[in-house]
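Trainee: Listed below are the residues making up each chain.
There are 2 protein chains.
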Amino acid sequence: MTNISIITIGDELLIGQVIDTNSAWMAQELNKAGFWVNRHLAIGDGRNDILKALDEESGKADIILVTGGLGPTADDITKPVLCEYFNTSLVINEEALKNVKNIFINILHRPLTQRNLKQAEVPASCQVIQNKRGTAPGMLFEKNGKIYISMPGVPHEMKGMMTESVIPYLQNRFGMNFISHRTLLTAGVGESTLADHIQDFEASLPPEIKLAYLPNYGMVRLRLTANSNHAGTLESQLDQLFSDLKSRVNEWIVTDEDISLQEVLGKLLIARKQTLSTAESCTGGYVAQIITSIPGSSAYYRGSVIAYDNDIKKKILGVNPAILSTVGAVSEETVRAMVSGVIKITGTDFAIATSGIMGPGGGSKEKPVGTVWIAAGSTHEIVTQKLWFRFDRQRNIELTAVNVLNLLRRLIISGPSENRPA
Amino acid sequence: MTNISIITIGDELLIGQVIDTNSAWMAQELNKAGFWVNRHLAIGDGRNDILKALDEESGKADIILVTGGLGPTADDITKPVLCEYFNTSLVINEEALKNVKNIFINILHRPLTQRNLKQAEVPASCQVIQNKRGTAPGMLFEKNGKIYISMPGVPHEMKGMMTESVIPYLQNRFGMNFISHRTLLTAGVGESTLADHIQDFEASLPPEIKLAYLPNYGMVRLRLTANSNHAGTLESQLDQLFSDLKSRVNEWIVTDEDISLQEVLGKLLIARKQTLSTAESCTGGYVAQIITSIPGSSAYYRGSVIAYDNDIKKKILGVNPAILSTVGAVSEETVRAMVSGVIKITGTDFAIATSGIMGPGGGSKEKPVGTVWIAAGSTHEIVTQKLWFRFDRQRNIELTAVNVLNLLRRLIISGPSENRPA
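Protein chains in written order, with my numbering: chain E, 1279 to 1700; chain V, 1279 to 1700.
Only chain E is shown next, with the shape it has when bound in the complex:
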């Protein structure tokens, strides 16, 4: 199988000022295209570090993909170091120059400096990959049978270049291995309970098919991956094993597609032509934001009232002031009233609500940091749940969001309460 190393260059990665999201995206796309990423390596903007990394990674992989360090400023040294490594020198590339001029003159309407023009310089021996989204061109080199491709670190520029040029080139050049995945998402069960439950299934898997446990946000994704150099009966074998796996963990399955919980909920609502609104206190917009991050969510999502302040809970959502003054904002009564209130003013079929103490401050003996009430419901029925998380603010917010979305999903699929077994 064709192996790939990804090298990301930039001091900002090494000091942690920027989180590397490029590697994950690249690996996902390469994986789908039949390539296996062996290693991701992040290094700083240092000549020796870059030279050494190019040398070492080419001993471990067939393809070395490099991102970053192509900006116009003095700390970006990838281009001269590539010249040194491939024993060549910089020349102006006419098409890249046209692109730089077009961006500055026609799009940015900014003065074009000498520094910007240098963006059109490339090592003489490389094959240039034009950048349709920015000024830094991509560069492809070949040395001792290995392929090296250097791309800008700006995510949308790198993504465009990968999708339109790099992946098609690699597929054409190397042919493809057969990689196939089946993924399901579970909720309400821990990784080790799941593992005990499917121990014999896991032990009986053929060597070319692997099972992975991917815990995330209080849910566990299970993924079967088949990896082979011939297609044969791989897909049907994978389907059969996946169906076996599903029947074993059926009680915890949220979805058998590789999609997020909010996408599962969106699909449910679209199929039923129903709508959703949200009323958030402690999650402060996070629930709305993950719902609306899905393109097309406007088909079922109407909007939200973020009632961070109790006055908003009263005035806009109509929460009875007596509830707030007796049992307080973090209570079952409040989240129930928030659900009813937001359905009333937005006219949706369903709504969800959150109220809690996310930390680090704000806790008390009765309601320690991490105490959360969530509710989901319609005009007919509202279900609630009390949660208690012992994590940091961000993780408490994320877990609350996952739990409230899942609460509504379970309510919807369980059907009207009068039809449910007691």
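A pair counts as met if it fits within one copy or between any two copies, since identical chains are not told apart.
Quick list of in silico lysine to aspartate or glutamate cross-link-like pairs, DMTMM-like style, CA-CA up to 20 Å:
{"id": "1", "residue 1": "K1488", "residue 2": "D1327"}
{"id": "2", "residue 1": "K1545", "residue 2": "D1587"}
{"id": "3", "residue 1": "K1488", "residue 2": "D1289"}
{"id": "4", "residue 1": "K1592", "residue 2": "E1610"}
{"id": "5", "residue 1": "K1396", "residue 2": "D1474"}
{"id": "6", "residue 1": "K1488", "residue 2": "D1474"}
{"id": "7", "residue 1": "K1551", "residue 2": "D1587"}
{"id": "8", "residue 1": "K1379", "residue 2": "E1469"}
{"id": "9", "residue 1": "K1643", "residue 2": "E1610"}
{"id": "10", "residue 1": "K1396", "residue 2": "D1478"}
{"id": "11", "residue 1": "K1310", "residue 2": "E1442"}
{"id": "12", "residue 1": "K1410", "residue 2": "D1670"}
{"id": "13", "residue 1": "K1410", "residue 2": "E1469"}
{"id": "14", "residue 1": "K1376", "residue 2": "E1399"}
{"id": "15", "residue 1": "K1396", "residue 2": "E1469"}
{"id": "16", "residue 1": "K1310", "residue 2": "D1340"}
{"id": "17", "residue 1": "K1330", "residue 2": "D1340"}
{"id": "18", "residue 1": "K1645", "residue 2": "D1587"}
{"id": "19", "residue 1": "K1338", "residue 2": "D1289"}
{"id": "20", "residue 1": "K1551", "residue 2": "D1589"}
{"id": "21", "residue 1": "K1488", "residue 2": "E1513"}
{"id": "22", "residue 1": "K1488", "residue 2": "D1522"}
{"id": "23", "residue 1": "K1622", "residue 2": "D1589"}
{"id": "24", "residue 1": "K1338", "residue 2": "D1327"}
{"id": "25", "residue 1": "K1524", "residue 2": "D1478"}
{"id": "26", "residue 1": "K1396", "residue 2": "E1480"}
{"id": "27", "residue 1": "K1421", "residue 2": "E1362"}
No lab work stands behind these hints: they were computed from the structure.
Every value quoted in this text rests on a predicted model; they were computed, and no experiment measured them.
Dock chain V against chain E, hints included.
Mentor: Okay, now just chain V, sitting in the frame of chain E:
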């Protein structure tokens, strides 16, 4: 200076299902504590890959920090591989066992399986670092003068272990280098224009002080870093250079602290004892979410109406239906009305509003994907701006948020309009 390599283990990283946020956090904290992270390496759950990485990284660094692969399932093989590398075998650690039992019996109320009990096993030759937040203990090894520390990959468990045990241990063991940073944030200027502007400043920097350009979300952060093995006059020298740098880029400075734009805005509002609400359409809660991600934001942030649907714009925010039917939701008139409306119902001093087409669908010839109107204002004055982004949905949302927060920041610091120069 003491060098560190970080190795993160897990197939989920290599196939890009999970973004590695641990390395960035670790690097930030280690950096503050005076250590330099040389390399981050991500590898899969494979015996050979782990053994090779331990061997190679110990040739490049004094300290090797490892995260991941310590879960209870069959794909987690870090512990047996560590035994192999350090030529030792697994034994039960009594304190870790007590911890595992406590978590399952007293906290999770889940049955304790053989698999869970194995979490208390550690290589006999290691120094155990107890895990106060989960079942997998940390492990510290020493070999040929190099330190190896293995930690769980679950972020909050790793973070707790690093803060309470690992960093204090390393500081005590290695002493500290003197690293110091000064950071400022600019907006409204590109990286290369900035670089031209401060070319001579950059060229005149002493070798122990470095300047980095960190572009992010349409803003550029400039960071001066001093790195020395003696304190001396480093801090005062750094202060002087930073003050020089600030005076050169003064017109674009958002803040001279290493904080986010929403924290800058929060500080401004706290100082003036003023409040903020938001009315979001296209950003769908993202603006509210980044505001409320800051602990203590409830001191100035009241809440939001997310008017994803036009009905909500009319009914809750009071946007005149005639505006929506003539110029449409993505218009200057609509965002003005959204600001006025949300101030009216929340009673805040200031509000911001967004309305646009984030893509991938929904564009037209007059209003192509990426067209956005933003507004910021008070009951006295509202300012608006039209934006056009050519990126993907997520980046369009993020850039809209940054621009609308900055629009309000500029309005607040410019003071009442009658006092401004024409």
